[in-house]
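Undergrad: Residue-level listing of the chains:
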Amino acid sequence: MTPPTPTTSGATVSAQTSARDGVLRVDGEVIAIRRAGAYHHLTIVAPGVAELARPGQFAALAVGGPTTGNLLRRSFSIHKVSPSGTYGGTLDLVIAAKGPGTQWLTELRAHDAVDVVAPLGRAFPLPTEPVPCILVGGGYGSAPLFWLAEVLRERGCPVEMVLGAGSEDRLFGVVEARRAADGVTVTTDDGSAGHRGWVSDVLPEVFRRTGAPVAYACGPMGMLQSVTRVAAEHGAVAQVAVEEAMACGVGVCMTCVMPVRDKAGVTKMVRSCVEGPVFRGDRVRWEAFHDGVCGVPADAVGAPQAGGH
Amino acid sequence: MAGSPRVDLSVPIGAGRVLPNPVMTASGCAANGRELHRFFDVSQLGAFVTKTVMMEPRSGRGTPRMAETASGMLNSIGLQGPGIRAFVEQDLPWLKSVGARVLVSIAGNTAGEFADVARVLADSDAFDCVVGVEVNISCPNVANRGLVFACDPLSSAKVIALVREQLPRDVPMFAKLTPDVTDIVSIADAAVKAGATGLTMINTLLGMVIDTDTLRPHLGGITGGLSGPSIRPVAVRALWQVTQAMRAGRFQTVPLIGVGGVRTGRDALELIAAGATMVQVGTATFNDPTAPQRVIGELETAVAAHGVDCVTGLVGIAHDRMVIP
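First to last, the sequence lines map onto chains L and W. Heads up: the first sequence at position 146 corresponds to 146 in our numbering, and the numbers run straight through without jumps. Heads up: the second sequence at position 159 corresponds to 159 in our numbering, and the numbers run straight through without jumps.
Next comes chain L alone, as it looks inside the complex (with noise of 0.2 Å):
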């Protein structure tokens, strides 16, 4: 086994792995943690995911330390890399603290350690013309657009953010959002910031005004279901990146499927975590999904024959 290679911070990287693929397993370290409203936001130490990383992407985490009975890594998609910096090339992340293994992140201080696996999945698709595009976010959902947002723009694109959530705390990077985009608009189910209801109810408006061809999201299911379906009313394409529970994170585990139409137009069950987590939402069959459960459709390839698998 090849020796750790030791970097200016403490964290290290198994050689092993470097780039084999494109992802690394990385021991990080937490360089920062700070409270964001209903949210915390992490940076960690780890070395060369920056380089391999691009805006839609996850990292999946360890938690708990190496003898936790909880073994399942929790995946965040990716907020920002930078690749130098004092410490050597860093991520951040946007946690909300649901269970015990994000708790367990949420209590890291500097300098703890944290394994990193990273970046994992497929990145949003850009657009070839500079054409002008939304992006939309609902509550912590919202932390890969800003990086997005700067890709965007540097390929000449107009961005307009449009980031909803259920109250003011739970909205995440309105600040961000007015420096990262050309518009924003915010809204809150309580009307506690911005427009009162949901980012459904001011999307056409968006839609019609800068007559964007293409819309990224990022956030619950409903949300990703109410943006494919207003994005498809103004003849423009969404590309959603969808939040699933996984165990692995990185293709082996079969736990985060959900079911999805290929270019043939034959629906499958995939696996978010590497053929997405992003994926058009005119190919995701989302009557499937109902209040947390996802059913296999009939006509998908290999679905269960009466009297179930």
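One thing to keep in mind: the hints can contain errors.
[Claimed, not checked] Derived EDC-like pairs (lysine to aspartate or glutamate); straight-line CA-CA distance at most 16 Å:
no., chain 1, residue 1, chain 2, residue 2
1, L, K263, L, E275
2, L, K98, W, D211
3, W, K96, W, D125
4, W, K193, W, D152
5, L, K98, W, D213
6, W, K96, W, D128
Just so you know, these hints were derived from the structure itself, not from any lab.
Assemble chain W onto chain L, guided by the hints.
TA: Just chain W now, with coordinates in the frame of chain L:
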């Protein structure tokens, strides 16, 4: 591993074949190789164990398919897979191309389907990279529990005998058993007498989680298979009981593959001491995608620490070390 003395890790898998080390992936915890090959060279493993494949493509179940549990997880995948023809055309040739030794896990809805799957496999072009076949007669994720062949000695024996007829004699065949039975020794006995070269123990245990926020079953499939470090004592017990029965001469002694909750080399050694000749690393791979490769090095260190130069010297050793006051 720097500093540790060299240990001979090679082990017999049966039918006269030898593996360079006893560590394998576990079926359903490693897909079919490409994903983990991004993290380590899968040809370094004693064998790569593929995800159970059936005759036809299969979507598996809806979601949620997974729930984290104390030191483990519950899964309800439902044997999602491409079908044996796509497997032998795409997955097996790739595994051969990277030099992997492959233990192919197969299943069927009927005993006849098991045999059909084995025949397609045995006739395939890349079959020479196959070091054995693992017959999954114990997947808990089937709609009808009556279809869990490994819950009944006669059903187990029928599947094993039919698959045996389809495989060349020099290809080892392992029956994968469930611990969810009253007497695992009687199932092991039936499988060996029907022609199994060896036994893999254990498959997941049937379990269930209820979401206490929604007060409904957490998994789409309602019940699922429990795996991870929490079930390791069950694996150790099953290996122990079957090894003890073989030592007592109840049936022929065959090689055992231990699986259940192995996360470290020390865990692997525990299964070996109970009677396993080989060990699979399953759920730990979800926590650490390099776990199967890491366990090889850790096992070598653990074996050396016991002052032996050959891992086979520790197989079943706990049976000889009991203190009888």
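Undergrad: Hints first: check each against the structure and report whether it holds.
TA: Verification of the supplied hints:
A distance of roughly 13 Å separates the Cα atoms of K263(L) and E275(L); the hinted pair therefore holds under the 16 Å criterion. For the hint pairing K98(L) with D211(W), the CA-to-CA distance comes to about 14 Å; that is within 16 Å, so the pair holds. Restraint check for K96(W) and D125(W): satisfied, since their Cα atoms lie roughly 10 Å apart, inside the 16 Å limit. The hinted pair formed by K193(W) and D152(W) meets the criterion: a straight-line CA distance of about 14 Å does not exceed 16 Å.
With a CA separation close to 13 Å, the supplied pair K98(L) and D213(W) stays within the 16 Å bound. Proposed proximity of K96(W) and D128(W) is supported: the alpha carbons are some 8 Å apart, at most 16 Å.
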